[in-house]
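Undergrad: Letter by letter, the chains look like this.
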Amino acid sequence: GQSLEQPSEVTAVEGAIVQINCTYQTSGFYGLSWYQQHDGGAPTFLSYNALDGLEETGRFSSFLSRSDSYGYLLLQELQMKDSASYFCAFRSYNTDKLIFGTGTRLQVFP
Amino acid sequence: EAGVAQSPRYKIIEKRQSVAFWCNPISGHATLYWYQQILGQGPKLLIQFQNNGVVDDSQLPKDRFSAERLKGVDSTLKIQPAKLEDSAVYLCASSLASLGIRETQYFGPGTRLLVL
Chain A
9 GQSLEQPSEV
19 TAVEGAIVQI
29 NCTYQTSGFY
39 GLSWYQQHDG
49 GAPTFLSYNA
59 LDGLEETGRF
69 SSFLSRSDSY
79 GYLLLQELQM
89 KDSASYFCAF
99 RSYNTDKLIF
109 GTGTRLQVFP
Chain B
4 EAGVAQSPRY
14 KIIEKRQSVA
24 FWCNPISGHA
34 TLYWYQQILG
44 QGPKLLIQFQ
54 NNGVVDDSQL
64 PKDRFSAERL
74 KGVDSTLKIQ
84 PAKLEDSAVY
94 LCASSLASLG
104 IRETQYFGPG
114 TRLLVL
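Here the protein sequences come in this chain order: A and B. So in our numbering, the last one in the first sequence is 118, and the numbering has no gaps at all. So in our numbering, the last one in the second sequence is 119, and the numbering has no gaps at all.
Quick caveat, the hints were computed from the structure, so don't treat them as lab data. For each residue, glycine too, the CB sits at the ideal point set by N, CA and C. Keep in mind that a hint or two might mislead.
[Stated by the list, open to error] Far from chain A, by Cβ distances over 12 Å, these chain B residues were calculated: (1) Arg12; (2) Asn54; (3) Pro84.
[Unchecked claim] Once the Cα atoms are required to be at most 25 Å apart in a straight line, the calculated BS3-like pairs of lysine-lysine come out as: (4) Lys47/B x Lys105/A; (5) Lys81/B x Lys14/B; (6) Lys14/B x Lys65/B; (7) Lys47/B x Lys18/B; (8) Lys81/B x Lys18/B; (9) Lys74/B x Lys18/B; (10) Lys65/B x Lys86/B; (11) Lys14/B x Lys47/B; (12) Lys105/A x Lys65/B; (13) Lys65/B x Lys18/B; (14) Lys105/A x Lys74/B; (15) Lys105/A x Lys81/B.
[Stated by the list, open to error] Computed beta-carbon distance windows for the label pairs: (16) Arg12/B x Lys89/A: 15 to 25 Å; (17) Gly48/A x Thr79/B: 14 to 24 Å; (18) Glu13/A x Leu117/B: 23 to 33 Å; (19) Thr79/B x Gly23/A: 39 to 49 Å.
Just chain B, with the same shape it has in the complex:
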């Protein structure tokens, strides 16, 4: 079974530029998550999709971050314009369901973003 795919793996941009990340979840997984992981910290949820609907985006900086999940499969996360503090690893994860029972999230390899 293929895992969660993300691209690109690395990205270096200058502040105020735009950047987009792509995620392809595990086939059949209804729930997709985007996390931001700053060096030395645990992942922080940015947005959660259930199929193609947003379940939680309370921690997404909506003035500069946007995300979509067309057709309930692939997803893109965009930052426009980027700030220095956006330098982090952006992790995509997926799970079969988002219920509060035992549920395992499978993470992709992440995209390492450096904003100069």
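If we strip away everything but chain A, and leave its shape as in the complex, we get:
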């Protein structure tokens, strides 16, 4: 089957660094994406890894290791506005549709 697993919740304080992990099962996929969703809001695209390694976009970085079926989103210099749910997702070769993970709720405290 195809699935992506994430921790349900992560907490951190302002200014800290937090890592949200994503482990997945699939027979093949194009790349790993990350989306942010604030309560009551729409998912918004954050980052994409087509290849293994680290992609950096400002305070956010995303990592992919296909050999380990693992990826993570790293958020640095946390701000209160980063409190949201974060989803990893991939588009598989088989179905060609975007499949989302279970989601991680990040709470940032002052």
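Chain B: place on chain A using the hints.
TA: Same frame as chain A, now just chain B:
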């Protein structure tokens, strides 16, 4: 550039009633998606259109859900009759193309449906 528009934003109905949602994608986006997001879960694809043709509707409960995309622009999603388990947020998204390369989907604000 205007984003993906959806209406209504909220809807409360009783079970066995019918409901329809509307979506206007970003101008020029050929691909349109409808997702169902149950509270505490990730979005699940219901149906994908490429222009006005259906690409994937394998997870659409066709006995009660239907969708169309007339003229390859706006789309409507209908539920008839609704069940309690249909309570969810229905998200519409669009993208320039649906290829398996780097492709970003832009989501609308969603319609929150509560079935009583």
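Undergrad: Now look at each hint and say whether the structure bears it out.
TA: Structure-based check of each hint:
Not every C-beta of chain A lies more than 12 Å from that of Arg12/B, the closest at about 10 Å, which undercuts listing it as non-interface. For Asn54/B, the requirement that its beta carbon stay farther than 12 Å from each beta carbon of chain A is met, with the minimum near 16 Å. Interface exclusion of Pro84/B from chain A stands, the closest Cβ pair being 27 Å apart, more than 12 Å. Taking the CA atoms of Lys47/B and Lys105/A, the gap is about 10 Å. The hint holds against a cut of 25 Å.
This hinted pair checks out: Lys81/B and Lys14/B have alpha carbons roughly 13 Å apart, not beyond 25 Å. Among the hinted pairs, Lys14/B with Lys65/B is consistent with the structure: their alpha-carbon atoms are about 21 Å apart, no more than 25 Å. Between Lys47/B and Lys18/B the CA atoms are separated by roughly 22 Å; this keeps the pair inside 25 Å, and the hint holds. Proposed proximity of Lys81/B and Lys18/B is supported: the alpha carbons are some 14 Å apart, at most 25 Å.
Simply put, Lys74/B and Lys18/B have alpha-carbon atoms about 31 Å apart, too far for the 25 Å limit, and the pair is violated. For a cut-off of 25 Å, the pair hint linking Lys65/B to Lys86/B stands: about 13 Å separates their Cα positions. Proximity of Lys14/B to Lys47/B is assessed by CA-CA distance (about 20 Å); at most 25 Å being required, the pair is judged to hold. A threshold of 25 Å between alpha carbons decides the hint, and for Lys105/A with Lys65/B the separation of about 18 Å falls inside it, so the pair holds.
Among the hinted pairs, Lys65/B with Lys18/B is consistent with the structure: their alpha-carbon atoms are about 17 Å apart, no more than 25 Å. For the hint linking Lys105/A to Lys74/B, the alpha-carbon distance of about 23 Å falls within 25 Å, and the restraint holds. Distance restraint check for Lys105/A and Lys81/B: the Cα-Cα separation of roughly 21 Å lies within the 25 Å cut-off, and the hinted pair is therefore satisfied. The beta-carbon spacing between Arg12/B and Lys89/A, approximately 22 Å, falls within the hinted interval of 15 to 25 Å.
Separated by about 23 Å at the C-beta atoms, Gly48/A and Thr79/B satisfy the suggested range of 14 to 24 Å. For Glu13/A paired with Leu117/B, a C-beta distance near 29 Å keeps the hint of 23 to 33 Å intact. Remark: the range hint 39 to 49 Å for Thr79/B to Gly23/A is upheld by a beta-carbon distance near 46 Å.
Hint violations for this structure: numbers 1, 9, all remaining hints satisfied.
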